[in-house]
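2 protein chains.
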Amino acid sequence: MDERAALALLSAELEDAGDDAAVVDDLVITTDMLHERTDFPPGTTRYTAGWRAVGASLSDVAAMGAEATAAVAAYAAPAFDDGELLAFVRGARDVCERVGASYVGGDLDEHQEFTVASTAIGRTDDLVFRSGARPGDAVCVTGTLGRSAAALELFNRAGDGPARDDEDDLERANALFQFEPRVAAGRTLAGYATAMMDSSDGLARSLHQLAEASDCGFTIDADRVPITDALTDVADDDAVLDLATTFGEDFELVVTLSESDLEAARSVTDVRLSRIGSVVTREDGITLDGEPLADRGYTHG
Amino acid sequence: MDERAALALLSAELEDAGDDAAVVDDLVITTDMLHERTDFPPGTTRYTAGWRAVGASLSDVAAMGAEATAAVAAYAAPAFDDGELLAFVRGARDVCERVGASYVGGDLDEHQEFTVASTAIGRTDDLVFRSGARPGDAVCVTGTLGRSAAALELFNRAGDGPARDDEDDLERANALFQFEPRVAAGRTLAGYATAMMDSSDGLARSLHQLAEASDCGFTIDADRVPITDALTDVADDDAVLDLATTFGEDFELVVTLSESDLEAARSVTDVRLSRIGSVVTREDGITLDGEPLADRGYTHG
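As they're listed, the protein sequences go chains A and B. Residue numbering for the first sequence follows my numbering, beginning at 1 and increasing consecutively. Residue numbering for the second sequence follows my numbering, beginning at 1 and increasing consecutively.
Don't read these hints as lab results, they were simulated from the structure. This structure is a prediction, so every number in the text was calculated from the model and none was measured. Fair warning: there could be bad hints in the mix.
A few chain B residues that face chain A, going by a derived Cβ cut-off under 7 Å, partial list only [stated by the list, open to error]:
1) E3
2) A22
3) V24
4) D26
5) T69
6) P78
7) G83
8) E84
9) L152
Cβ coordinates follow ideal geometry from the N, Cα and C atoms, glycine included.
All chains, please: the whole structure from these sequences, using the hints.
As structure tokens, this is what we get:
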């Protein structure tokens, strides 16, 4: 059974699961496990790992339209080096501070592979789910896509050697990996959104998941997909659009809202909000420039 | 740096860390990572693993005197077998139901070693910390100690072979591993406790941690330490007391309270509450039958 089949099995078993975060009373709660082999390429600093692991959970809180309250993380490594551990904690704390949450610690575990499990909680009385998108709605994304794809290219270029001329690439890659969880945007968009989720598995897969939950389709214009310059700088021209739509791990918000609310939503959102297309009926499917957009993306290892 | 040194480093860095759970407004939050090599002996079922991992976090909520609200868990394994995964989820859900909490899902991760990261949240307006014990207070433990030590002995006896006559041992071991988190007891004891924590690292280490946080000492009577029959049944007579006081992983509550409150606290607590000794001054140290009780215990791997 692959991870997606397993998730479907769990959704059926647990009625509270299946959105970006679970809801309990006025709280949302979400947890993520990341590990070195699949999530932290050689060259990723522990500061970046702390930022990114906790940021991934904060992004799920954002996707529910909630305020981020607090986060914890379990840090597992073969050995505890004080410099690495403090760097991790500072990364985790800084990403929490960025979104107004408290980083309140966690657990340590001796473990063969560097592994992080982070959990974030948030609060809201105005939840936004993946369901709720209606044909005719506009579909938008925050920020730009492709940061993580660009970062991975830079990490790969630098390899894991300490060569002097790789340092620039590693520094840029780490900076790209330190994304800003869209908590503030999620809060303001919650007032307008009919459906919302984060793009952690890539835009294509997010659209398929929104379509599944909302029983709708999407028509997307490729030239409206906002792509970071960092990706166009490092990737082959003919790979850019594919990477931006399927690589994922960008942790932007994908949101649907009434066309008539679009300008009002833009005016209160603290980041760029790009309209990339429209919600259509389920029968019309999910298309990019008129061609079917496959449910392809990064399945988190 | 070993795990304890690393934890001390983090306590200094994070002012909200250092008790059984972190506190954010009226919420408590705690996270634990467990993995196969050190926490789930061969023969541990996935149902037991789900129960135990989530139970460990619920025990930390109990130790703060809080109501248990919800829990999530990240499940990591080399492959996702649907029977194993459902068994895990049912164990996690059952332990939550036992204490009135909701199990609301989590995350999946492909990982070489079976690993679980669980997080629980709770609520209270009447927190109990590790600090607050005063010389003259009685010190008590809930339930009995030695369940996990007994279970490990039974797991070891059975080995990892599927021999027919090992099944009884494995069944008993799994049952012992499914402890009841002391959430209800923690809630009622919160009305009386001057200090409280759980015994996950063993009674001896818990007393040292309480002494450190409360700036006190303890005098403990060995013959008042409540030991489960399961341990006396399987362990050598001369090892029983040492296992009961240092093995840990029993997830009972260690609580200090005014002597004059002892009977009232007993009358409202839903489990046996054994007075094992008294709080003394820091100068008097931590003693078991008059002999220094070493800060020895199980450091979670």
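Item to check | Cut-off 7 Å, beta-carbon criterion: hint that P78(B) touches chain A | outcome: Violated, about 11 Å.
Item to check | Hint check, E84(B) versus chain A [nearest Cβ-Cβ separation less than 7 Å] | outcome: Cβ of E84(B) sits 10 Å from chain A, so the hint is violated.
Next on the checklist: Checking hints one by one. Is V24(B) an interface residue toward chain A, by the C-beta closer than 7 Å rule?
Outcome noted: holds (4 Å)
Checklist entry - Does the interface hint hold: is A22(B) within less than 7 Å of chain A, judged Cβ to Cβ? => result holds (3 Å)
Checklist entry - Taking the closest Cβ pair, is L152(B) under 7 Å from chain A? => result Not OK, violated: L152(B) not within 7 Å of chain A, min 18 Å.
Checklist entry - Does the interface hint hold: is D26(B) within less than 7 Å of chain A, judged Cβ to Cβ? => result violated (11 Å)
Checklist entry - Is the shortest C-beta separation between E3(B) and chain A less than 7 Å? => result holds (5 Å)
Next on the checklist: Holds or violated: the hint that G83(B) contacts chain A, with Cβ atoms closer than 7 Å.
Outcome noted: violated (10 Å)
Checklist entry - Should the hint that T69(B) touches chain A count as held when the rule is a Cβ pair under 7 Å? => result holds (6 Å)
Checked against the numbered hints given earlier, this structure breaks hints 4, 6, 7, 8, 9; the rest are met.
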